[in-house]
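Chains A and B, in that order, are what the protein sequence lines are. If you count the first sequence from 1, position 318 lands on 318 in the numbering used here, and the numbers rise without skipping. If you count the second sequence from 1, position 312 lands on 312 in the numbering used here, and the numbers rise without skipping.
One thing to keep in mind: the hints can contain errors.
The list treats identical chains as interchangeable, and a pair is accepted whether it falls inside one copy or across any two copies.
Said to hold, decoys possible - Mimicking DMTMM-like on lysine to aspartate or glutamate, the simulated pairs with C-alpha atoms at most 20 Å apart in a straight line are:
1) 107 x 77
2) 299 x 272
3) 159 x 346
4) 107 x 309
5) 159 x 188
It is worth saying that the hints were derived from the structure and are not from the lab. Note that the coordinates shown come from a computational prediction; the quantities given were computed from them, not determined experimentally.
2 protein chains.
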Amino acid sequence: MNTPTHQPADARGHVLIHDPSLRDGHHAVRHQLGAGQLRAYAEAANTAGVPVVEVGHGNGLGASSLQAGQALLADDEMLAVVREALTDSRMAVFMLPGWGTTADLRKAIARQVDVVRVGTHCTESDLAERHLGFLRDAGVEAQGVLLMSHMATPERLAKECAQLVSYGASAVGIFDSSGHYLPADVTERITAIREAVDVPVAFHGHNNLGMAVANSIAAVEAGASTLDACARGFGAGAGNTQLEVLVPVLERMGFRTGIDLYGLLDAADIADRELMPAPPTIDSVAVVSGLAGVFSGFKSRVLDISRREGVDPRDVFFELGRRQAVAGQEDLIVDVALALREAQRD
Amino acid sequence: MNTPTHQPADARGHVLIHDPSLRDGHHAVRHQLGAGQLRAYAEAANTAGVPVVEVGHGNGLGASSLQAGQALLADDEMLAVVREALTDSRMAVFMLPGWGTTADLRKAIARQVDVVRVGTHCTESDLAERHLGFLRDAGVEAQGVLLMSHMATPERLAKECAQLVSYGASAVGIFDSSGHYLPADVTERITAIREAVDVPVAFHGHNNLGMAVANSIAAVEAGASTLDACARGFGAGAGNTQLEVLVPVLERMGFRTGIDLYGLLDAADIADRELMPAPPTIDSVAVVSGLAGVFSGFKSRVLDISRREGVDPRDVFFELGRRQAVAGQEDLIVDVALALREAQRD
């Protein structure tokens, strides 16, 4: 049967869908996806016409470790499997300088990666300079993306994005890593970035406040041309923007993605069945970490330490938000819990 | 500990939260909630300061039956338990004329119900005339709500709402029963209704397209003053607007609900643990029924009949949408499936 066409009122341009289900989703399964799982989803996404499929450890190239979690497969194995499955879609990887190195990039290039995203904290784009330069010189498409982007002003994000472009990024993007944005926040930031750079701008949402799809729509309406989304929202905590929801909503609004709806729904059903124990939902901790603007990866540590110290984990999250905690500052959780315990005794 | 205050930029008025977790959620558990479950959630919602708690069979008063599903408890038992738990919150019930009768209303009034919502298909408000009149004469707050409201134009909805007011409704509302709306659709409809009536206007969302929270925000921004939402989105299919997400988002935007955040999160955790096997998620069928604008209660029948006839259930949903099928027209499913099977043979 043909996929029914949803004729929109007006054509509003093309949106490039970037699908990190096999990378960001890895966070939800402790980086334990096997070759059969990667292949099944990558083949289905390829058949549906998803233009870019990202794969790897949740924290990107080179991140598999005792500290960040050992992945079931080595980077190289993951790339080999997915490369073979993607006959039409482009293959992307993610890397965080410090976790990933130039040696990791060389190996990914040998595996014919098409797109490399280099991520840094939103105010630290200079950490991406060397790797973006290396990729540019190697002739590989290099994108620069800013994590935890709600922690910087629109002006600062615009400045950091311009810097990423100066380093060789052919596209830039902002991640709503803690799922904190409401649509007006996204509009303001994407608008500022669009005024500062001439390259495509991407938005990567999380669903802690139930706004991932609405925020993504706000992003394209403000001029973003790439949207990240995962099958069933597969990702840590409340999950990412749900791919098979976002695409038909975009099409109904008159945007074009080039993706086949039924093929996409089939891919999402495969992801649901084969990749995840259950699709992400918004639990109370996800709501609080989104409101507080705290990295959701803190969740289990916050719950453990709060129980041990007899404090409310919600208070811990809000205080971490006030202290502007970022990933890597897990020690702050103990400080905050102890301070709250002391305050309770007063 | 005190609940952290989320000081908004500007105060934007009060929004009345109407919580049908114990009524719409019933659809997700085949109307099998027991007294202990009803009491646990109602007490928690009451403690959190949720102003209105609705209870009953998913299809409202008098609906428990072989056809619509036998509820575990009789209406009267449900109302007795919840009435006792709600020392501060108001108690609401829902009724669909035809399923519910004046005799059912009398019994609910004897159980001290505070608010009765009388629902009809969006173009059939005249079916509510007798019951709204009865309630007005009995001195009980009576609201008129329009189901499957995406099937009528904004102008038609405004006319139907004005009619509901003329029958005695002290508030009116529109339900996005199939989760079809995008925010602009809601804005247009609520605006038209607000221009036509002087009573409070309510919006009831479903999350098939991931837009329940965003649509609810669009509704209050267009002048709705009551929003329906359920703990964890507890409801049929993709679920309703998620209550404990909506409330802090409203507060962050400067609206006031009078609800305590931590109490609300506690209530949602109780709902998650005690009421539902798992929180609702947006599966592929939910996406398709939302896009098609078809009542999600058709799901299991559509899947069964499609399997039997060897047709794609997604095609069946889209064709049901084109034929404007409404609840009660389940026979159409067979007609559509047979027509699609014939078309495949040609």
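Structure-inconsistent hints, enumerated in ascending order: Of the numbered hints given earlier, those the structure breaks are 3 and 4, listed in rising order.
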